[in-house]
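Asker: Sequence:
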Amino acid sequence: MIEYIELNEKQIPVRINRKVIIKFEKMFKVGLQDLANVDTEGLSNLLYFGVIEGYSFLNEKNPYKKYEDFEVELDSISISEFFEVATKAISSFFTNEKKK
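For reference, each letter of the sequence shown is one residue, going 0 to 99 in numbering that gives the first Met the number 0.
The set of hints was computed from the structure by calculation and includes no laboratory data.
Hints may contain errors.
[What the hints assert, rightly or not] Straight-line C-alpha distance at most 25 Å; calculated DMTMM-like pairs for lysine to aspartate or glutamate:
1. LYS18 with GLU59
2. LYS28 with GLU59
3. LYS9 with GLU70
4. LYS28 with GLU40
5. LYS9 with GLU59
6. LYS60 with ASP33
7. LYS64 with GLU40
8. LYS25 with GLU8
9. LYS25 with GLU2
10. LYS18 with GLU72
11. LYS9 with GLU67
12. LYS65 with GLU52
13. LYS22 with GLU70
14. LYS64 with GLU24
15. LYS60 with ASP38
16. LYS65 with GLU5
17. LYS22 with GLU8
18. LYS9 with GLU83
19. LYS9 with GLU24
20. LYS25 with ASP68
21. LYS28 with ASP38
22. LYS22 with ASP68
23. LYS87 with GLU40
24. LYS18 with GLU52
25. LYS87 with ASP38
[Said to hold, decoys possible] Cβ pair distances, simulated, as ranges:
26. TYR3 with ASP74: 30 to 40 Å
27. LYS60 with ASN36: 30 to 40 Å
28. GLU8 with SER79: 29 to 39 Å
29. LYS64 with LYS18: 11 to 21 Å
Ideal Cβ positions, reconstructed from N, Cα and C, are used throughout, including at glycine.
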């Protein structure tokens, strides 16, 4: 499953899977039970890991070679838009609802 986030009129693929979660847990030393309490940096990184996996899953070239490249994109939107986009994209991977 792929979700897309829209940043500056760009559709960016996101995929949160087991590999992304493991990488996130190792980097931030938190488990899934603590996801609701993740800080802004953690949320940004989780989204970035999902973007890396999204492009890889689609066999497309990832234009964000480093986290800092993606961070520039995130910083171009308001903080409220960031939280809205990030939580919507990430939470969609933790539901059993089927997309139509």
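Asker: Would the hint linking LYS28 and GLU40 be met if the CA-CA limit is 25 Å?
Answerer: Holds, at roughly 13 Å.
Asker: Hint check: LYS9 vs GLU70, CA-CA at most 25 Å. Holds or violated?
Answerer: 14 Å, holds
Asker: Taken at face value, is the distance from the CA of ASP68 to the CA of LYS22 at most 25 Å?
Answerer: Holds, at about 19 Å.
Asker: Below or equal to 25 Å on CA atoms is what counts here, so check LYS25 against GLU8.
Answerer: Given that 25 Å is the threshold and the Cα spacing comes to 32 Å, the pair is violated.
Asker: Going straight from one Cα to the other, do LYS9 and GLU59 come out at no more than 25 Å?
Answerer: 14 Å, holds
Asker: Given the hinted pair LYS64 and GLU24, is their Cα-Cα distance within 25 Å?
Answerer: OK: LYS64 and GLU24 at ~21 Å, within 25 Å.
Asker: Straight-line Cα separation of LYS65 and GLU52 no greater than 25 Å?
Answerer: It holds: about 13 Å lies between the C-alpha atoms, which stays within 25 Å.
Asker: TYR3 and ASP74, beta-carbon distance inside 30 to 40 Å?
Answerer: Since TYR3 and ASP74 have Cβ atoms about 20 Å apart, the given range 30 to 40 Å is violated.
Asker: Straight-line Cα separation of LYS18 and GLU52 no greater than 25 Å?
Answerer: 9 Å, holds
Asker: Would you mind confirming whether the straight-line C-alpha gap from LYS60 to ASP38 stays at or under 25 Å?
Answerer: Not satisfied, since the Cα-Cα distance of roughly 29 Å exceeds 25 Å.
Asker: When you check the alpha-carbon spacing of LYS22 and GLU70, does it fall within 25 Å?
Answerer: 18 Å, holds
Asker: Please work out if LYS87 and GLU40 have their alpha carbons no farther apart than 25 Å.
Answerer: 17 Å, holds
Of the numbered hints listed earlier, those contradicted by the structure are 2, 6, 8, 15, 17, 19, 26 and 28.
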